[in-house]
Amino acid sequence: MPLLSAILLVPVTTLVVLLLMPKRAVRGIRLICACSGLLTCALGLQLWVGYDPAMGGIQFEEMIPWVAAMGISYHLGVDGFGTVLVMLNAIVYFTGVLTMWDLKTRVKEYFAFMVLLVIGVFGVFMSLDLFFFFFFYEIAVVPMYPLILIWGSGNKEYAGMKLMLFLLAGSALLFPGLLAIYHHAGLNTFDLIALSQHAFDAEFQIFVYPFLYIGFGVLAGLFPFHGWSPTGHVAAPSAVSMLHAGVLMKLGAFGVLNIGMRLLPEGAAYWAPAFSVLAVVGIIYGAFVAMRQTDFKFVIGFSSVSHMGIVLLGLNLAVLGTAGADALNGAVFQMFAHGIMTALFFSTAGYIYDKAHSKTLADFGGLGTQMPRAVSIFILAGLCGAGLPGLASFWAELLVFLAALKIYPIAGAIIIIGLVLTAIYILRVFNVAFFGPPNPKWENLRAMDMSGLHLLPRAILIAALVIFGFVPRLMLDLINSTTMAFLDAF
Amino acid sequence: MEYALLFAPELVCLLVGLVLFFAVVLGWSYSASRGIAMVFGIVMVAACLWTLSLQGEPFFPGIYAVDFFSQLLKTALAVGFLFVVVASAEPLTVDRSGWGEMPLFLVCSTLGMMMMVSATELLTLYVAMELTAYPVYIAVALHRNVDTGGESATKYMVQGMAASAISLYGMSFLFGAFGSTYLADISLSQATSQPIFYLGLFLTLAGFFFKLGAFPFHFWAPDTYQTAPHPVIAFIATVSKIAAIGILCRLLSLAMPGGWEVAHAQTALMWASVIAMSLGNLAALVQRDLKRLLGYSTVAHAGYVLLALQTFAESGLTAALFYALGYFAMSFACFLVICEVGRSEDRIPINAVSGLYKRAPFLCFTLLIGLFGLIGLPPTVGFVGKWFLFSAALQRGQFYLVLVAAINATVAMYYYLLIIRQLYWAEPATQETIKPTPLVALTALATIIIVVAMGTLPGPFWDMAARAARALIG
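Chains A and B supply the protein sequences, listed in that same order. Position 395, counted from 1, in the first sequence is what our numbering calls 397; the numbers after and before it change by one each time, with no gaps. Position 301, counted from 1, in the second sequence is what our numbering calls 323; the numbers after and before it change by one each time, with no gaps.
Don't read these hints as lab results, they were simulated from the structure. Some clues are possibly wrong.
Stated by the list, open to error - FRET-style restraints, in silico, Cβ to Cβ: (1) Ala468/B to Ala44/A: 35 to 41 Å; (2) Asn373/B to Leu189/A: 49 to 55 Å; (3) Ile416/A to Leu307/B: 38 to 44 Å; (4) Lys380/B to Ala44/A: 35 to 41 Å; (5) Lys380/B to Ile416/A: 51 to 57 Å; (6) Glu64/A to Gln77/B: 19 to 25 Å; (7) Tyr422/B to Leu189/A: 51 to 57 Å.
Note that the coordinates shown come from a computational prediction; the quantities given were computed from them, not determined experimentally. Glycine residues also receive a C-beta, built at the ideal position from the N, C-alpha and C atoms.
Make a model of the complete structure from these sequences and hints.
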């Protein structure tokens, strides 16, 4: 069986099996999900190893005509970027299942929705057909509403509805955008590869590109359309926040990259300066807002806006000059690094919340002595967010910053301030919640620190951060050839 | 004999009508009538499938056509009839004395629709339309609560009759302009640049717009949806939409390819589409009654269909037909659950389905799939259907029109999500569980399968719709 279909089929089968299982077989449901997560990781690894960076381009292609009259085909394939992101999704899926191991309420439905989300995300990263891309894109968005509404916490009704309205409003921009590409090309095909060989006239590109950029950008936390993201992260249960911030937001950036920039290079180049400004504002704004938050998850939520700003900035810089390759490599690297890092963040913050039933920073104090392991892991994620050398984000952010300094020195200077701000808000969290005299209220948490199985998912995520932090070549070798080929089109 | 074969679905329909008539006269029990209707419903579906690929003009050349278009829609109508009969087990909202007649009225109306989609002559079309309408007028009035039934039926009937009168008036103009009531003659004529043609066309469309619930003939929809007995409104909301979209396709296909000068008609239909979807969605936002909300949502969906029809292109017709089939299934999923959950209630406020997840998980899932379809989310047919409809409009370069429609779909999502929130999150008012009968459960399953199959494997369905559209254009 073709590898990509196999990766997609694992969660699909899991979903079908889950739906057929009795509600009470909680243990079985968890086990099946964990196995399916592990299997996708193994297949993802096979994909990573099997992808030949020397050859570059699209590999593992498979194609079945679906609606021949409309030119829709089930066309899968990955380039270097797709490979990385498929692996990311597999890791977050597996660790997400492990993170939710202790879930008690409506276990079957929870995992069914989560697996549906995973199916959508895998589909988007692999699809080479506009229809299927959008199909999977919407599938990935749909389960967020029930997941937040049923298993979320806090102001979840508001958060869930806001999230759906923002994301589907983004889709409303994509609908005419994607269809206009199809009809304007007049090739009677939704195939991404065929369309990418068509030269759209400049006027059309300039007109349509903003629809795609903003439509996808909403999901990537594009300033000023990021409002759904922090509230959604906060209200969602841990593993959903992990998938949501870790993977779902990457769908937006991937959409901009794979559809917008690939098909409409001139449009991308035309709009890049303006959108770069938005991205820079997002980086700084997210960091400033994160500084003022009183809630763990809100800090992480706004840090995501800030960090995704780096991705979007990298994408825009990619088309703007000689340092473009660095910027694009950095952006894709950051998608992966931020995905892992933020998954670790939410997984750990969620753990502390589950035990303490509080996520207010000021409630804590000296938690480091009470839950040393959980806190250490959180601190590690925080340091990664601040761009500590030796962790994956360092390289990603460095590449984008260097490119920014070369292309727009002023923007580069500003985002380096953003980096400082990041360090400030992260250290503020450490200072308020983790260090200092322990709050006697939380003495009962001593017995509840992470152990055994709880450590496993976090260990996997940390391992990924450290490995790519020390050996960034593993990543860069894989994506650089794709980047080069991608930028040749400009 | 060959001719009789072409007529097979109608004949079966007529036969079951007669049998049911005698059943009523002889005072057979409701379950017996319903059983007969179900068995014959299956026969009807079989007859439709059997004649699916046949074509010809039995007995009345130029007046009555059997082609793939008509047979495809007849199949859908037969399936719809069967489903609604299943859903109308113990229709407590219908006055007990009227139970026996219910299946009879439904089958008569179905017969009218079958004739409607085959009619190729204006008067035949009109007669078929009336045959469709009258039994339903009565069925709406059969509500157990005389006031409710009376109000609902009066609104429906008065507006329906007004619409059909306008339609007939318009047909007289068309006859005046073309000198013929045969659609074939009308499509060939060059008289289409005259104002009288537009007058005739728009007035004629009134009757069909009424059936579809499209602006500006939608006023009956929310009221009648809210107050009519549940199985009857299930019939109106699902089966009759197939026929309404079908006949609109038939009429508007006369303008293709290049038959009529359609610039003005196109503009008018475009605005009707925009207003219908915006008005339907905005009004639905503030509704607190589930059936009334779905009434407004119908108006919005009529707008989406018109979006494709106003393109006057083959792809638009195909998309509309595809959507008609899909919409039937999505909408039926919702109404089946309403019939089950609200069996003994006259009104169904949205919180009547609160916590349905705990009371009837499978029905709840059915409703969820139906609502996902109406929102337009994958993997349901709603997503694919909208993709095709919007694609048809963009083929004409109507970028902003599609943008408006897509924004509308986002607005619509809000009120559908509120229902979903009630389903899965709110606490139920009663703990009483609802156990659907095996037959109902099977029908629900079949509906889900149709919705998801059309949404994930749209190829074969699209090809069928395309073949039907080609049969229309000729």
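For each hint, the structure was consulted:
Taking 35 to 41 Å as the suggested C-beta distance range, the pair Ala468/B and Ala44/A conforms, at roughly 38 Å. A beta carbon spacing of about 50 Å between Asn373/B and Leu189/A agrees with the range 49 to 55 Å that was offered as a hint. At roughly 42 Å, the beta-carbon separation of Ile416/A and Leu307/B lies within the given 38 to 44 Å, and the hint holds. At about 38 Å, the beta-carbon gap between Lys380/B and Ala44/A stays in the expected band of 35 to 41 Å.
One distance hint, 51 to 57 Å for the beta-carbon pair Lys380/B and Ile416/A, holds here, with the actual separation near 53 Å. Checked against the hint of 19 to 25 Å, the C-beta distance between Glu64/A and Gln77/B comes to roughly 39 Å, which is inconsistent with it. For the pair Tyr422/B and Leu189/A, the supplied restraint of 51 to 57 Å is violated, since their beta-carbon distance comes to about 23 Å.
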